[in-house]
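Asker: So the chains spell out like this:
Protein chains: 2
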Amino acid sequence: MKLNKDQIDHFNREGWLLLPELFSVQEAALLTLEAEKIFASTRPEVWREKSGAPRTAFAAHLYNQAFGVLAAHPRLIQPIEQIFGERVYMHQFKINAKSAFAGDVWQWHQDYGTWKRDDGMPAPRAMNIAIFLDEVKSINGPLMLVPRSQMEGDLEASHDLQTTSYPLWTLNEPTVARLVERAGIVAPTGRAGGMLMFHGNLVHGSAGNITPYPRRIVYLTLNAVSNYIRSPSRPEYIAHRDFRPIETVADDALLRLAQAEQISRDRPAVAYGNLT
Amino acid sequence: MKLNKDQIDHFNREGWLLLPELFSVQEAALLTLEAEKIFASTRPEVWREKSGAPRTAFAAHLYNQAFGVLAAHPRLIQPIEQIFGERVYMHQFKINAKSAFAGDVWQWHQDYGTWKRDDGMPAPRAMNIAIFLDEVKSINGPLMLVPRSQMEGDLEASHDLQTTSYPLWTLNEPTVARLVERAGIVAPTGRAGGMLMFHGNLVHGSAGNITPYPRRIVYLTLNAVSNYIRSPSRPEYIAHRDFRPIETVADDALLRLAQAEQISRDRPAVAYGNLT
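Protein chains in written order, with the numbering used here: chain Z, 1 to 276; chain U, 277 to 552.
Keep in mind that the hints were calculated from the coordinates and are not lab data. All C-beta atoms, glycine included, are put in the ideal place defined by N, C-alpha and C. One should not assume that every hint holds.
Said to hold, decoys possible - Label pairs and their in silico Cβ distance ranges: (1) Z:Ser51 with U:Thr318: 55 to 63 Å; (2) U:Glu457 with Z:Gly153: 42 to 50 Å; (3) U:Glu512 with Z:Arg117: 51 to 59 Å; (4) Z:Pro122 with U:Thr318: 46 to 54 Å; (5) U:Asp528 with Z:Gly153: 50 to 58 Å; (6) U:Gln535 with Z:Glu21: 33 to 41 Å; (7) U:Arg520 with Z:Ala183: 46 to 54 Å; (8) U:Ser327 with Z:Met151: 27 to 35 Å; (9) U:Arg467 with Z:Ala183: 18 to 26 Å; (10) U:His435 with Z:Arg43: 47 to 55 Å; (11) U:Glu457 with Z:Ser231: 31 to 39 Å; (12) U:Glu457 with Z:Met1: 34 to 42 Å.
What the hints assert, rightly or not - Residues of chain Z clear of chain U, computed beta-carbon distances all greater than 10 Å: (13) Ser233; (14) Glu236; (15) Phe243.
With the hints as constraints, model all of the structure from the sequences given.
Answerer: As structure tokens, then:
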């Protein structure tokens with residue numbers, strides 16, 4: 001798994017890169033099934049919306065085999081090591097539900113702002129990665145990215161404890177308007193199994209989801225080993241303290257697990273999982 | 277302005293029809309400008325979101341010249357008279373702001389449910405019409421429609437006074453999921469000046485808008501004259517009591533008004549109107 005020059009140039013210029021269908025339908029279906037089980041549980045790592053609908057499950061790679069394999073998968077790790085020129089460790093690992101009917105908004109923000117202020121991360125040498133567990137459509141609350149905004153560095157932000165059910169350092173409206181006026185907004189879509197990577201300083205957000213289509217993604221952060229966090233203030237299941245570089249698994253490890261679980265090769269994405 | 281057979285068949289089958297670019301850029305720009313003035317005013321007909329951002333301005337055709345001309349425009353009136361085989365009057369006329377950054381959600385609902393229960397409208401012989409004042413994009417809270425759901429008739433609904441800032445008879449999640457599983461969701465988009473018409477029993481909703489792009493539309497209801505409301509309970513500026521058929525203006529009436537106001541022929545849609 002190597003990025004080509006066009007892909008690297010696109011990432012360096014635009015601040016994001018989509019690798020569609022990186023994981024097979026079968027691999028993605030296993031992860032969706034496991035995510036449903038986790039969201040149905042009541043662990044402290046599983047956070048909920050004001051409505052009670054699941055919002056985020058943290059650190060699933062530490063207590064679920066399939067997500068453990070995903071977190072060490074070469075298709076995910078190698079492109080990031082290639083870009084940073086250095087090995088990486090898992091800074092954060094979460095499954096975001098964006099539930100059918102009840103998925104809440106994420107206001108405009110940069111992630112590095114939080115890593116710096118809350119975790120003491122020295123530089124934005126950590127990569128955001130979204131793995132699609134459901135089809136991401138234009139109507140079910142896709143991630144919206146402001147291209148090239150990573151070049152602005154760390155923008156002024158205020159700590160928003162109100163408008164979302166998760167504390168965020170959010171940007172003010174004139175800043176977002178200025179950046180969008182220059183470069184617009186992209187909202188990459190695609191079937192389950194796709195992978196979207198973007199810069200820690202890329203401005204992004206997502207609207208609520210009122211459709212019957214859940215938009216679950218694994219949303220993880222790989223940090224360059226030398227860039228380990230210096231002064232973490234958040235719980236260990238949110239900002240990890242294991243700074244050892246990730247040892248990747250075999251490329252077919254997730255597929256073999258799906259086969260062992262007898263996941264059908266053409267099992268469709270579960271569209272109405274939240275209703276059952 | 278006559279619909280052709282394909283357009284009528286599409287409406288009768290799918291429950292909706294988009295007439296893109298029905299009004300010129302110049303005509304639409306005049307309406308956008310007038311809408312900004314109305315939203316900046318403090319009339320009782322102008323309702324606001326919880327945040328204070330404008331949400332809906334009712335009955336603007338009765339106190340604003342440009343919207344008065346729009347409300348009697350043949351491009352808007354004639355297709356509806358053609359479908360109903362009868363003359364029409366204005367049952368409701370509002371400008372919905374769906375403001376930049378702060379546009380709120382409209383839960384899934386049918387409009388005829390409200391007209392029947394709150395206004396005593398005998399039959400769903402009234403047409404919903406949306407005129408785009410800004411470009412409607414996939415990311416700024418487009419109307420989402422469930423095709424063919426008008427064939428379900430008047431579905432069971434509950435009066436929702438909580439989740440939106442406007443009282444609505446909303447549908448439950450299993451009902452929406454069942455209809456969407458059958459026919460999916462469409463979210464028509466297009467530049468300012470487009471017109472979307474849809475059946476009074478078509479299930480629809482829209483997500484919030486967190487982008488810097490406002491998505492203002494004129495949202496009006498033309499009712500067949502014989503189907504006048506029998507027992508109105510809402511204020512007259514919401515459910516009108518003037519049941520006389522609309523006398524249309526000349527096709528160039530709105531254009532001439534735009535020219536008189538010196539609206540440029542290529543004035544772009546105002547993208548950041550809410551920020552000024």
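Asker: Taking the hints in turn, state whether each one holds.
Answerer: Status of the hints after comparison with the structure:
1. Z:Ser51 with U:Thr318: 55 to 63 Å: violated (33 Å)
2. U:Glu457 with Z:Gly153: 42 to 50 Å: holds (46 Å)
3. U:Glu512 with Z:Arg117: 51 to 59 Å: Holds - the Cβ-Cβ distance for U:Glu512 and Z:Arg117, about 54 Å, lies within 51 to 59 Å.
4. Z:Pro122 with U:Thr318: 46 to 54 Å: Once the Cβ atoms are compared, 51 Å apart, the range 46 to 54 Å for U:Thr318 and Z:Pro122 holds.
5. U:Asp528 with Z:Gly153: 50 to 58 Å: holds (52 Å)
6. U:Gln535 with Z:Glu21: 33 to 41 Å: violated (52 Å)
7. U:Arg520 with Z:Ala183: 46 to 54 Å: holds (51 Å)
8. U:Ser327 with Z:Met151: 27 to 35 Å: With Cβ atoms ~31 Å apart, the hint holds.
9. U:Arg467 with Z:Ala183: 18 to 26 Å: holds (20 Å)
10. U:His435 with Z:Arg43: 47 to 55 Å: violated (37 Å)
11. U:Glu457 with Z:Ser231: 31 to 39 Å: violated (49 Å)
12. U:Glu457 with Z:Met1: 34 to 42 Å: holds (36 Å)
13. Ser233: For Z:Ser233, whose nearest Cβ neighbour in chain U is about 28 Å away, the distance exceeds 10 Å, so it holds.
14. Glu236: Holds, because the least Cβ-Cβ distance between Z:Glu236 and chain U comes to about 31 Å, which exceeds 10 Å.
15. Phe243: holds (35 Å)
Of the numbered hints listed earlier, those contradicted by the structure are 1, 6, 10, 11.
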